[in-house]
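So the protein sequences, as listed, match chains Y and V. Quick note on our numbering: the first sequence kicks off at 1 and runs consecutively. Quick note on our numbering: the second sequence kicks off at 1 and runs consecutively.
I should point out that these hints are in silico values taken from the structure, not numbers from a laboratory. Being a predicted model, the structure only gives us computed values, none of them experimental. Even glycine gets a Cβ: it sits at the ideal position worked out from N, Cα and C. Incorrect hints may appear among the rest.
As the list claims (entries may be wrong) - Here are the simulated lysine-lysine pairs, DSSO-like style, with alpha carbons at most 27 Å apart:
| hint | chain 1 | residue 1 | chain 2 | residue 2 |
| --- | --- | --- | --- | --- |
| 1 | V | Lys-36 | Y | Lys-96 |
| 2 | Y | Lys-96 | V | Lys-44 |
| 3 | Y | Lys-170 | V | Lys-36 |
| 4 | V | Lys-67 | Y | Lys-170 |
| 5 | Y | Lys-145 | V | Lys-50 |
| 6 | V | Lys-10 | Y | Lys-97 |
| 7 | Y | Lys-97 | V | Lys-56 |
| 8 | Y | Lys-171 | V | Lys-44 |
| 9 | V | Lys-10 | Y | Lys-166 |
| 10 | Y | Lys-171 | V | Lys-36 |
| 11 | V | Lys-44 | Y | Lys-145 |
| 12 | V | Lys-50 | Y | Lys-171 |
| 13 | V | Lys-10 | Y | Lys-145 |
| 14 | V | Lys-10 | Y | Lys-31 |
| 15 | V | Lys-10 | Y | Lys-170 |
Unchecked claim - Counterexamples of contact, computed for chain V against chain Y with all Cβ distances above 10 Å:
| hint | residue |
| --- | --- |
| 16 | Arg-7 |
| 17 | Ala-32 |
| 18 | Met-55 |
| 19 | Val-60 |
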Amino acid sequence: MLASRVFSLVGRRSISTSLCLRAHGHAGVVKAEDYSLSGYVDRRDVPLPEVAFVRDLSAQQKALKEKEKASWSALSVDEKVELYRMKFNETYAEMKKGTNEWKTILGGVLFFLGLTGVILIWQKHFMYGTVPHTLSEEWVSAQTKRMLDMRVNPVEGISAQWDYDKNEWKK
Amino acid sequence: MRHLLARRMKFHLLGAFLVSMGCVTVYKFGVAEPRKQAYAQFYKNYDPMKDFEAMKAAGVLECAPPK
Chain Y
1 MLASRVFSLV GRRSISTSLC LRAHGHAGVV KAEDYSLSGY VDRRDVPLPE VAFVRDLSAQ
61 QKALKEKEKA SWSALSVDEK VELYRMKFNE TYAEMKKGTN EWKTILGGVL FFLGLTGVIL
121 IWQKHFMYGT VPHTLSEEWV SAQTKRMLDM RVNPVEGISA QWDYDKNEWK K
Chain V
1 MRHLLARRMK FHLLGAFLVS MGCVTVYKFG VAEPRKQAYA QFYKNYDPMK DFEAMKAAGV
61 LECAPPK
């Protein structure tokens, strides 16, 4: 039951099983035996599903089904639409329509990224101790000087950015 | 409904080919060529002895201390 609630919360799915029918409050209670029978699906590559969408017809719908057995030109447009809706859940246009699910997902992702950022900031401020002395200003500059003296990465790297004649960083 | 897979496959095959070729061209002209130029530039007027003397004077060579 909880799973079907999640279905209706997240949005339409391409597969609409009888479990979803229950969530939307459609007619027909799902019995245990129903799971062994063919179900109705809304899929682009299944143009004629095994069963019709509406299973238990009301008296009005049964009358319409009887009328369908006669000549179809006698049916009005509304009756034809009603017969369609009895047989199928969504039209192809409705099936192919996108949902707004991506907005929910993007919002969720950004929210949790922000939350993680808050946690990290809190940790740095309240939890972690001081960094090692090798990361102090003097040590790092002495370290960089030694790297430049050794000509580390002289082609594309750090020594390529240093002007050895003027003794400063290249502009 | 007709040619559902064929249409999709054609679109994606073409797209994948173009995207991968595009990546290759961007890498070649954005990364590989400049790198080759940089190396050529560096070694055009490179004097290893001068470099060695500079490193020795700076005191970074353990076996060749500045005297």
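Okay, the hints, checked on the actual structure:
A hinted pair counts as satisfied when its Cα atoms are at most 27 Å apart, and Lys-36/V with Lys-96/Y does not qualify at roughly 50 Å. Taking the CA atoms of Lys-96/Y and Lys-44/V, the gap is about 62 Å. The hint is violated against a cut of 27 Å. For the proposed pair Lys-170/Y and Lys-36/V, the alpha carbon gap of about 21 Å is at most 27 Å, so the pair holds. For the suggested pair Lys-67/V and Lys-170/Y, the alpha carbons sit about 30 Å apart, so the restraint of at most 27 Å is broken.
Straight-line distance between C-alpha atoms of Lys-145/Y and Lys-50/V comes to about 19 Å, which keeps the hinted pair within the 27 Å bound. Taking the CA atoms of Lys-10/V and Lys-97/Y, the gap is near 23 Å; set against the 27 Å cutoff, the hint holds. With a CA separation close to 72 Å, the supplied pair Lys-97/Y and Lys-56/V exceeds the 27 Å bound. Pair hint Lys-171/Y plus Lys-44/V holds up; C-alpha atoms about 22 Å apart against a cutoff of 27 Å.
The straight-line distance between the Cα atoms of Lys-10/V and Lys-166/Y is roughly 59 Å, outside the 27 Å bound, and the hint therefore fails. Distance hint between Lys-171/Y and Lys-36/V is fulfilled; the C-alpha atoms sit about 22 Å from each other, no more than 27 Å. Proposed proximity of Lys-44/V and Lys-145/Y is supported: the alpha carbons are some 26 Å apart, at most 27 Å. With a C-alpha separation of about 24 Å, the suggested pair Lys-50/V and Lys-171/Y falls inside the 27 Å cut-off, and the hint holds.
Using a Cα cut-off of 27 Å, the hinted pair Lys-10/V and Lys-145/Y is violated, with the two alpha carbons roughly 57 Å apart. Taking the CA atoms of Lys-10/V and Lys-31/Y, the gap is near 44 Å; set against the 27 Å cutoff, the hint is violated. Between Lys-10/V and Lys-170/Y the CA atoms are separated by roughly 51 Å; this puts the pair beyond 27 Å, and the hint is violated. Remark: the non-interface label on Arg-7/V is consistent with the geometry, its nearest Cβ contact in chain Y lying 12 Å away (cut-off 10 Å).
Here Ala-32/V stays apart from chain Y, with its beta-carbon at least about 12 Å from theirs, past the 10 Å limit. Its beta-carbon lying about 6 Å from the closest one in chain Y, Met-55/V breaks the requirement of being farther than 10 Å from that chain. The non-interface label for Val-60/V is inconsistent with chain Y: the shortest C-beta to C-beta separation is roughly 5 Å, within 10 Å.
Checked against the numbered hints above, the structure breaks hints 1, 2, 4, 7, 9, 13, 14, 15, 18, 19 and satisfies the rest.
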